[in-house]
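Add chain B to chain A, keeping to what the hints say.
What follows is the residue order along each chain.
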Amino acid sequence: MNKLYIQTLLASAVATATVSTAAAKDLVFVSWGGAYTASQQKAYHEPWMAMNPDIKIVNDDSGGGALAKLRAMQEAGNLTWDLVDMTAASAIVACDEGLVMEVDHDALLAPAPDGTPASEDFGDMIVSPCFIPQIVYSTTIGYRTDMVGDTPPTTINDFFDLEKYPGKRALEKLPLNNLEWALLADGVAPDQVYEVLDTDEGVERALAKLDTIKDQVVWWEKGAQTPQLLADGEVVMGSTYNGRLFSVIEEEKQPIGMLWDWQVFDLDGWVVPVGGKNEADVLEYLKFATDTQRLADQAKYISYGPARASSAPMVGKHAELGIDMGPHMPTDPNNAKNTLLYNYEFWADNTDDLNEKFQAWLAQ
Amino acid sequence: MSATVESVAPEQMVTADGTPLKVSLARARRRARNRALLLVAPLFLFIFITFFIPIFSMLFRSVENELVGDTLHRTVPLLQNWDESGDTIPGEEVFAALQQDFAEAQKTKSAGRPGRRLNYEKPGFSSLFRKTARKAQKLEPPYREAFIKISKDWGDVEYWRVLKRESGKYTKSYYLSALDFSYDSEGNVVKNPGKESIYIKLFWRTLWMSMLITVLCLVLAYPISYLLSTLPARTSNLLLILVLLPFWTSLLVRTSAWIAILQQEGVINDFLVFLGFLSDDGRLAMIHNQVGTIVAMVHVLLPFMVLPLYSVMKTIPPSYLRAARSLGANPFTAFVRVYVPNTVAGIGAGGILVFIIAIGYYITPALVGGQSGTLISNLIAYHLETSLNWGLAAALGAILLGGVLALYLLYDKIVGIDNMKLG
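Top to bottom, those sequences are chains A and B. Residue numbers for the first sequence follow our numbering, beginning at 1 and rising by one. Residue numbers for the second sequence follow our numbering, beginning at 1 and rising by one.
Pulled out of the complex, with its shape left as it was, chain A reads as follows (with noise of 0.2 Å):
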């Protein structure tokens, strides 16, 4: 591990190296890579660069740990990043920890289209004070068709029913996620499931019933893993973010499908660390990639719901399969009949209590 935080330290001084001596205006952004950068790529930082000729924008595709190499540079005072993609929970942390800045949402960023202030128009995706919303996922299911005979799941009470529908199925491993939907499937009523998991018996009721079906779990850790597992087939349903399962089902073919009941959503975003070289032009960039027509635009290229009500109208086809994006969307109505909106403050209180909790309970 030190080694490794060694390697980490070399690493970011041959990258500060690098950065340093390129043009400039280069502007590093961090995100997660894979689909979800080219998506980025596609829709705000090239039309954003054909505006801004002078600027260059370097993407850096460790999203993954950003939130501790953020935390290592700032200590370091050694900021070689200019904005980072975040999930909210990391960016409620990040905004704790003082990494990232505080925003004000109607004064950084454009309104919609009818005049709508932008705090008005993100409203309760705004989360937190430094989270600069972009698109809604989701943590869903996906199970193989070709594993579930005639009657293929449609609740989230199936996936815990080893009769009905045996075999193997992948959770991840963190408590989020799958201590609500154990309470779920046990019979908890949706608007009270946060209010029994702070009890302590609460916590011993969604365990004991992840306990009906912990030996037939594959728990994972990388989101690729269940699509993997799936077209595998060596689980027959498991959960993962809605993104991944619709490329595996639209790009790739394979027989799996959505079992969109009780997904559970959530927020990425973006966050500005304190103490930015290019402050000014990241700030500029933000106004025009989080406008409501680039968010809508966003949707061309991935499954993911645009963070602004006023966006969602325009979501259209996908840029190469050709097909309605709209259906695909975890806010699409016939998806969104039972959604659970991650509690914030809950596992910003919680996540660490719990955990630990949640990998006893696993090592036993």
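Hints should not be assumed to be uniformly reliable.
[As the list claims (entries may be wrong)] Some chain A residues judged to face chain B by a derived CB distance under 8 Å, without partners named: (1) E46; (2) G65; (3) A68; (4) V93; (5) E97; (6) E221; (7) D352; (8) D353; (9) Q359.
Please keep in mind that the hints were generated in silico from the structure rather than gathered at the bench. Note that CB positions come from ideal geometry on N, CA and C, so glycine has one too.
Just chain B now, kept in the frame of chain A:
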């Protein structure tokens, strides 16, 4: 000049300029030593700066705890007079100081970090600090009531006990958590109940799995190395390339290959079902558990055992074994009494190398470990990258480092480090 020479005792030797030989020699030796030190100084400085400082600054975080005291610098000194064993929360003057501290923290946006720090001890502190900082500037006396109005947690004596306990410059709470202890609501150290304890279990699991992996590597590597060292150079070089080939392949590719081979719809299971040894429903679970972790890690670490063994075996003259045979030993005795003792240096080096790498491994167990193959390093990685609880990560890392050093010393006592030959 001559007077000085005469005053020196006759048996004492002097140099041409009259200084005693002893002094002159010492001076020359000191100069040589200084020159040697200067030569190694750059290397020493490099190691010091890039190795020792990062490691120790990281390990220091396992006890460091200045955050709370620095942020609430008016409140904390006043808290020393408050009796935490009672059931009453502190008085108005503490709350007044708290208001000033929070108002200042809000200006510098520094209330979040101590909140997250205290949240490790008691869930709820994080949102409590965030909420309070937002409203602190507008609070009016009496502050005690005003604070309790923001959140009733400020009226809860348990929160205050935690705050007082964790306001010192140093803390032992990270080490307590790392050893599965915690504080109860009264502030006493208690052992976590069995179903909530995790780290000790994982430390033991990491230890025995690393040992098993080391032994398996040795069993597999010994015949390979023997073969390599006895074959003619042309064939053995080709085989050596095969041993090194995995080194040139990405670790992730190798691990994923094992998933494809071992999974239930994978090559081995398909083959066994095809042969009729297994029914289609009775496929073996060989991945996402301890078996998968051990198989994949043995494969990844095998070259680290083969290479030191090979380099040692290469130097053992074949005449030793022939001599033993001609003196009447049967092949087995000759091997055990003559050959094996000559390879101890390689076994020691390979064993230590494999064991130490295995004990800190985390990518392979993360991908193929499932719930029974998780190692302590996976949780260290979690606390470093996801929960940002670097204090706990540092404490776990320090305990792991201490354990490895203890085993190393034990090895030195039993086998002797001088016996080790790395290449």
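Quick rundown of the hints versus the structure:
1. Evaluation of the E46(A) hint against chain B yields a violated restraint, the C-beta minimum of about 30 Å exceeding 8 Å.
2. A hinted interface residue such as G65(A) counts as satisfied when its beta carbon comes closer than 8 Å to some beta carbon of chain B; here the least separation is about 5 Å, so the hint holds.
3. Taking 8 Å as the C-beta cut-off, the interface hint given for A68(A) holds, the closest approach to chain B being about 5 Å.
4. Given hint, V93(A) at the interface with chain B, holds; its Cβ is 6 Å from that chain's nearest Cβ, closer than 8 Å.
5. Hint status for E97(A) relative to chain B: holds, with the closest Cβ pair at about 5 Å, below 8 Å.
6. Because the smallest distance between the Cβ of E221(A) and any Cβ of chain B comes to about 5 Å, under 8 Å, the interface hint for this residue holds.
7. A hinted interface residue such as D352(A) counts as satisfied when its beta carbon comes closer than 8 Å to some beta carbon of chain B; here the least separation is about 6 Å, so the hint holds.
8. A cut of 8 Å between beta carbons decides the hint on D353(A): the least distance to chain B is about 4 Å, and the hint holds.
9. A least Cβ separation of about 5 Å between Q359(A) and chain B falls short of the 8 Å threshold, and the interface hint therefore holds.
In the structure shown, a violation is registered for the earlier hint numbered 1 alone.
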